[in-house]
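S.K.: Sequence order for the protein chains is A and B.
Under our numbering, the first sequence has 27 at position 27, and the numbering climbs by one with no breaks.
Under our numbering, the second sequence has 408 at position 408, and the numbering climbs by one with no breaks.
Hints listed in this document are in silico derivations from the structure and should not be mistaken for laboratory results.
A few of these clues could be false.
As the list claims (entries may be wrong) - SDA-like cross-link-like pairs, simulated, lysine to any residue; straight-line CA separation at most 25 Å:
# : chain 1 : residue 1 : chain 2 : residue 2
1 : A       : Lys-30    : B       : Pro-8
2 : B       : Lys-53    : A       : Met-1
3 : A       : Lys-65    : B       : Asp-150
4 : A       : Lys-65    : B       : Lys-151
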Amino acid sequence: MELKVDKKSGITVIEIIGDLDGTSAETAQKEISEHITPGCSLIFNMEKCTFISSAGLRVLLVSAKHIKRENGKGALAGLSGDIKDVMEMTGFDHIFNNYDTISKAIEAVRKEK
Amino acid sequence: MERIDTYPTHKYKGFNLRPGRPIPFGATIVPGGINFSIFSSHATGCELVLFKKREPKPFATIPFPDAFRIGNVFTMIVFDLDYENIEYGYYMDGPFDPQKGHRFDKQKVLMDPYAKVIGGRDVWGEEPDWDDIYQHRARIVFDDFDWQGDKPLEVPMEDLIIYEMHVRGFTCHKSSGVKHPGTFAAIREKIPYLKKLGINCIEIMPVHEFDEFENSRPSPVSGEKLMNYWGYSNVGFYAPKAGYAATGRFGMQVDELKTTIKDLHTNGIEVILDVVFNHTAEGNEEGPYISYKGVDNKTYYILTHDGYYYNFSGCGNTLNCNNPIVRGMILDCLRYWASAYHIDGFRFDLASILGRDQNGAPMNSPPLIESLAFDPILGKCKLIAEAWDAGGLYQVGSFPGWGRWAEWNGKYRDDIRKFLKGEAGLVGAMGQRIQGSPDLYRWHESGACTSINFITCHDGFTLKDSVSYNGKHNEANGEDNRDGNNDNDSWNCGWEGETDDVEINRLRRKQIKNAVSILLVSRGVPMILSGDEMGNTQFGNNNAYCQDNELSWLDWDDLKKNKEIFNFVKSTIAFRKAHPVLRNKTYFQDRDSAESGYPEISWHGTKPWDADWSDSSRTIAFMFCGKQAKQGKGNDDFIYTAINMDWNMHSFELPEIPEQLKWYIVVNTDVEPPEDIWGAGKEKEIENQFEVSVGPRSVMILIGKKSN
Numbered sequence: 001m002e003l004k005v006d007k008k009s010g011i012t013v014i015e016i017i018g019d020l021d022g023t024s025a026e027t028a029q030k031e032i033s034e035h036i037t038p039g040c041s042l043i044f045n046m047e048k049c050t051f052i053s054s055a056g057l058r059v060l061l062v063s064a065k066h067i068k069r070e071n072g073k074g075a076l077a078g079l080s081g082d083i084k085d086v087m088e089m090t091g092f093d094h095i096f097n098n099y100d101t102i103s104k105a106i107e108a109v110r111k112e113k
Numbered sequence: 001m002e003r004i005d006t007y008p009t010h011k012y013k014g015f016n017l018r019p020g021r022p023i024p025f026g027a028t029i030v031p032g033g034i035n036f037s038i039f040s041s042h043a044t045g046c047e048l049v050l051f052k053k054r055e056p057k058p059f060a061t062i063p064f065p066d067a068f069r070i071g072n073v074f075t076m077i078v079f080d081l082d083y084e085n086i087e088y089g090y091y092m093d094g095p096f097d098p099q100k101g102h103r104f105d106k107q108k109v110l111m112d113p114y115a116k117v118i119g120g121r122d123v124w125g126e127e128p129d130w131d132d133i134y135q136h137r138a139r140i141v142f143d144d145f146d147w148q149g150d151k152p153l154e155v156p157m158e159d160l161i162i163y164e165m166h167v168r169g170f171t172c173h174k175s176s177g178v179k180h181p182g183t184f185a186a187i188r189e190k191i192p193y194l195k196k197l198g199i200n201c202i203e204i205m206p207v208h209e210f211d212e213f214e215n216s217r218p219s220p221v222s223g224e225k226l227m228n229y230w231g232y233s234n235v236g237f238y239a240p241k242a243g244y245a246a247t248g249r250f251g252m253q254v255d256e257l258k259t260t261i262k263d264l265h266t267n268g269i270e271v272i273l274d275v276v277f278n279h280t281a282e283g284n285e286e287g288p289y290i291s292y293k294g295v296d297n298k299t300y301y302i303l304t305h306d307g308y309y310y311n312f313s314g315c316g317n318t319l320n321c322n323n324p325i326v327r328g329m330i331l332d333c334l335r336y337w338a339s340a341y342h343i344d345g346f347r348f349d350l351a352s353i354l355g356r357d358q359n360g361a362p363m364n365s366p367p368l369i370e371s372l373a374f375d376p377i378l379g380k381c382k383l384i385a386e387a388w389d390a391g392g393l394y395q396v397g398s399f400p401g402w403g404r405w406a407e408w409n410g411k412y413r414d415d416i417r418k419f420l421k422g423e424a425g426l427v428g429a430m431g432q433r434i435q436g437s438p439d440l441y442r443w444h445e446s447g448a449c450t451s452i453n454f455i456t457c458h459d460g461f462t463l464k465d466s467v468s469y470n471g472k473h474n475e476a477n478g479e480d481n482r483d484g485n486n487d488n489d490s491w492n493c494g495w496e497g498e499t500d501d502v503e504i505n506r507l508r509r510k511q512i513k514n515a516v517s518i519l520l521v522s523r524g525v526p527m528i529l530s531g532d533e534m535g536n537t538q539f540g541n542n543n544a545y546c547q548d549n550e551l552s553w554l555d556w557d558d559l560k561k562n563k564e565i566f567n568f569v570k571s572t573i574a575f576r577k578a579h580p581v582l583r584n585k586t587y588f589q590d591r592d593s594a595e596s597g598y599p600e601i602s603w604h605g606t607k608p609w610d611a612d613w614s615d616s617s618r619t620i621a622f623m624f625c626g627k628q629a630k631q632g633k634g635n636d637d638f639i640y641t642a643i644n645m646d647w648n649m650h651s652f653e654l655p656e657i658p659e660q661l662k663w664y665i666v667v668n669t670d671v672e673p674p675e676d677i678w679g680a681g682k683e684k685e686i687e688n689q690f691e692v693s694v695g696p697r698s699v700m701i702l703i704g705k706k707s708n
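Same shape as in the complex, but just chain B (with noise of 0.2 Å):
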């Protein structure tokens, strides 16, 4: 049967109009038309702006009539309208009055928080007019996209492995031999590539719409324009970056993300965003008017008494996250990206933000984390905090979780580094991060799989750099090598750089391996940074956020030169996946909970069940029980890891395990390949079976098992 509502009740310069619908906010297609739908506290008019598809002159204003409006919300249906070639936004009228806190100013055509698609930045790096009044162009998404029967992997968090990755630095180099570089689809090319890596789970750094000209300027190195490559500053939260896609220039990008994400999912592969809810492009005072300024300013950013921007982001703003409406928008969100893109997770910016209240000052208990937490729709989804600001609030191992989010450990981090480059005093802190950092996450419900264990991520030296160079070389980036962190915790093996020193250049890969070995093995989920695998480098660069080119990209050829780094990893994360004992969501349980006479997990040194926990110390050795795997309901092997971060090599003598067991190595670092991994079922069964020489600076693991 026809609906009334299908009809026009108003008309307004030729067009059919009739009241709409406040929720949901955004532009929606209805029947016969287009339901709009925007909110401001403080707005006192708002006229809809409507351009034809890139004309930098609208066709037409609508001014929302006063019967329209419901409370705060500005509503309209507009029948007749060809959406998928208009551009929509808004002229919000209202005071101007800065140290109230508002800025409106109704010359400015504003895109609407909840676009779904933007238009504007089409093309990566395709200079836009400058002089266009309307600078990311809200456009009306087809919101049918046919999943044929895809749904989030939901793949338990203790299984997860993670590797965190940027959009265009994964295939941009001309190495790739993909398609189009650079490009939601490109990914899609690639699976064949993670699934023999062996990864689970994709974490993509952002990819909502952002202005990649942001702060754009020459290097004063290269000369080369420096970008925002990253993209960790919002435009709008609720569409793809258009640039990302290889048919961005048709306005495809919804379709090419959903269609890469079903495809990842087909191949096992979960897809976690990374997003920046705790500021926007808008920066502050100065910046540019693109929406939430013009909206509604003082709902959506967090201000000073008189009216200026608090910036606990250090980008010039801070979203008002725990403002009720403000809050709302970002579950709203959420919800979109979960069930109209089958996202699996998110990683949350910076995410300690969303705990400050509407001065700033942290709460105990932030109802937006709780909403979060408790949220149905989300009920499934990863939510993984990285747990600081840059306002100084540091909360790894206090991030309040509900037993629901995870963190991104970064002491996790820090101590496997310093331990790693041979700092003494760090034995006991190893205990911790092996175990999953319980130090930190016990008392969360969540559990050891609470720790999101890396070494490695975007914000930092990439692994080979790590053991490459002793200091950041930011040079490049045109902030006289300020920018970046300090505080690297790398060793450079003996020479800052690239070297042709044989010795220098083996140590380098044994720390890399080493540092490989040790993530996963720990309790925990193991996040890898793309490219470590290949023995990626940024050359010391510490801070590649404005590097879109060589510097940033993967340099896929890298693969035939690093095979030994490649094969190390993707044998690493099998042996992982092949052992059950290591992947477990609880603690490790002092009781012997499969009667096996062993603890599930025991702690050596040089001699068995005697490890030196002494601040000289560098050795340390674990014997995880398999019989404990999940809760003795596995039934795995005897894992046993002896690390000597020492100079000196050093003998091992081991636990002894059931008779007709016996001792086999799977890795150690201290031999060349093909030595330094045996596969599974293809592990060699050691001669001496009591006791074990480490080389210097080595990590070796074994497994004990009945024979091959």
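The shape of chain A in the complex, shown without the other chains (with noise of 0.2 Å):
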């Protein structure tokens, strides 16, 4: 798994490529951290995300509750088909809003108050 972090006009977009899983989620717990600061706005891209397992979850649902402490805005953006599937059944599909696109992820966090 390869972590690309990329600022778009005071957004964070963090691409995730690969399989989040047991092997990478403790280094993507603290990189993806490092970006987490007051007020911020985070995206997941998620398009290259090939595979997301127990730990890779949770890797997401500790990064929303730390942007929600931080009293900062994620979205995620591009999930496929399968991995939205699989958080929906086990109940991770509440930590995000989920965007087909980037652009539409961005726009929404820009609205968000």
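Could you fit the two chains together into a complex? Lean on the hints.
M.R.: So this is what it looks like as structure tokens:
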């Protein structure tokens, strides 16, 4: 798994590439938390994320709670149908709003108060 | 501040270790590692065996150093494990001396009895690798589900309407229209249906990990593979069945089940688990080593003096429930399900075994049953006993309940069925069953709700089959029709099996409605078998334990075909929920606590206040006084029910009620829909306020109230 971070006019877009699982979860969590700052806006680009395991889902959940604590905003973009399905069935679909594309996610995060 | 116990003290072949904590048993995530803890009273040594997920060979075997053993518990923390991608088991060393009850075999990889996630049967029916040395593989659980404020619902027993269901059977049929048939996720998809039906509790047949391939064989009738479909044979008590989860292939069954429970709770539906603590899937001396047999055979099983397995379960072995260690394991397990899964209650399969001592003899005050009754964590959980076992112990009415336990009331089922088919000599018994069986349970502190009233359950005919078959037709089970109950108290209404005969089918529908009507006006807790509300048939198979196919799966097209039955069941449930006088936890009072001039229940016959209790009688009527609802605190209508199980029509003169009230018809099973049942507020005023004609084999329910 690889993380690519891009900042677009005040919004941090973190691209998750590959499998987010038990092997990569700890590193991913550490890297993501570096970008969670007071009032931050974070979008996870999931277009190239091929699989999320239980540990991976917990990375997203912990990040969501962390972002909330910092009064920040977060969203997911480009989840594949299969991952979306797994997230729904395991109750992880409520943690972030999910948008089809990055631009829609950026728009939504901007509008969010 | 960093804790010093997050640092290792020992090293073994590159693994960092330190002495573990004996409690909790099982494998627990701790800072930096996993705490492994397993007990065995008779083992002389133990090794932890680690596999990479689904790999055939272990990548490490780590002996528990002597210094790590506390009492009879082997415990160790192993640091830096990729705990999402490992599976673990144990090698146990000790004597192989069957006569003395010991069957240690240090060549066998054994599953942790406390395993919270079990792999190996990740996808239902997917043929396993039979050469695998470790068939049921313990994994590490993430026990940090985000419940978002959910808690068990604690619906009062008297308000409960239970729906007994099977995870696969409920949605496996192609007609179910769900995304992932036969799974926990699919139950979630069907919540709107359950709400429409009106039930507020599902009782799920076993969801603990079991092996669907146990005793698998081809059907002599269809050639299809017969499987352990019902799952009354535990591999692990702490783990949900992976094959019941759409996400089981990813090992996410725990989260999927919890999400399903959370959503059911949000929609006002409780979850009761059917738990099987009477035996395990290890069978007798011929059966496989999975866990308990190799970990501590003499502790886990009831054995004869020469080391053979007692078989009070009918399944090869009997769990030694009143051994203090096993008792502790069961208590820990139920506490775990109640707290980690927010389970609302448990139904104990063959619960009488839980009251047998270590020699198999029934006990007067079984400590396990008492412990469960008074346990603080289980304090609000429903505890329901199937109060008999396969060893001949039948305790309906005498199961020691300490005011906490309810019972599946087998006598309710038997008496109602006999009365429905027109047997004589049952009016007296009907009087008891309708009142919540005070003859059986009056001495119980838990009152009328001790009685779980049911006419059908997974064992035996479906309701449709109970009015369509005189005898069982279990040939497809491959046991020459020897299996299954012979005493079905069923009546085929004139033809064995499916028929096009209009009159027979009409009578069958009527009998179904009669049964449902009686069930939902009886005091106690009603339980409906999933599918009965849509006229589900198993074509006369009364023991479909091995039929993982369309014989068992609900055909959702039946909802259209039998819309009349669904509407009737749904409306009768709504009627029960609308009338508090039908739902009371105490037995009927002989006194007039509301000063209404009427007793809470009064008995009538074809003449008011004159019930015919004689042996030849097949008619009975009873009236509830709504003013007496909830010990006089409720305010309900009069409800009058006339049951005529004679084959002739009978006129019933109605008891007098206060003059400002009039009689309205709610149910008349003798007429065709839509006049068979009238919804709340739409009840039809009857023309003759003094007398009604109740058709042959029919039930009529009236309410006495002010004008609509």
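S.K.: Would you mind marking each hint as holding or not holding in the structure?
M.R.: Hints versus structure:
1. With a CA separation close to 23 Å, the supplied pair Lys-30/A and Pro-8/B stays within the 25 Å bound.
2. Simply put, Lys-53/B and Met-1/A have alpha-carbon atoms about 19 Å apart, close enough for the 25 Å limit, and the pair holds.
3. With a CA separation close to 18 Å, the supplied pair Lys-65/A and Asp-150/B stays within the 25 Å bound.
4. Between the alpha carbons of Lys-65/A and Lys-151/B the distance comes to roughly 21 Å, so the proposed pair stays at or under 25 Å and holds.
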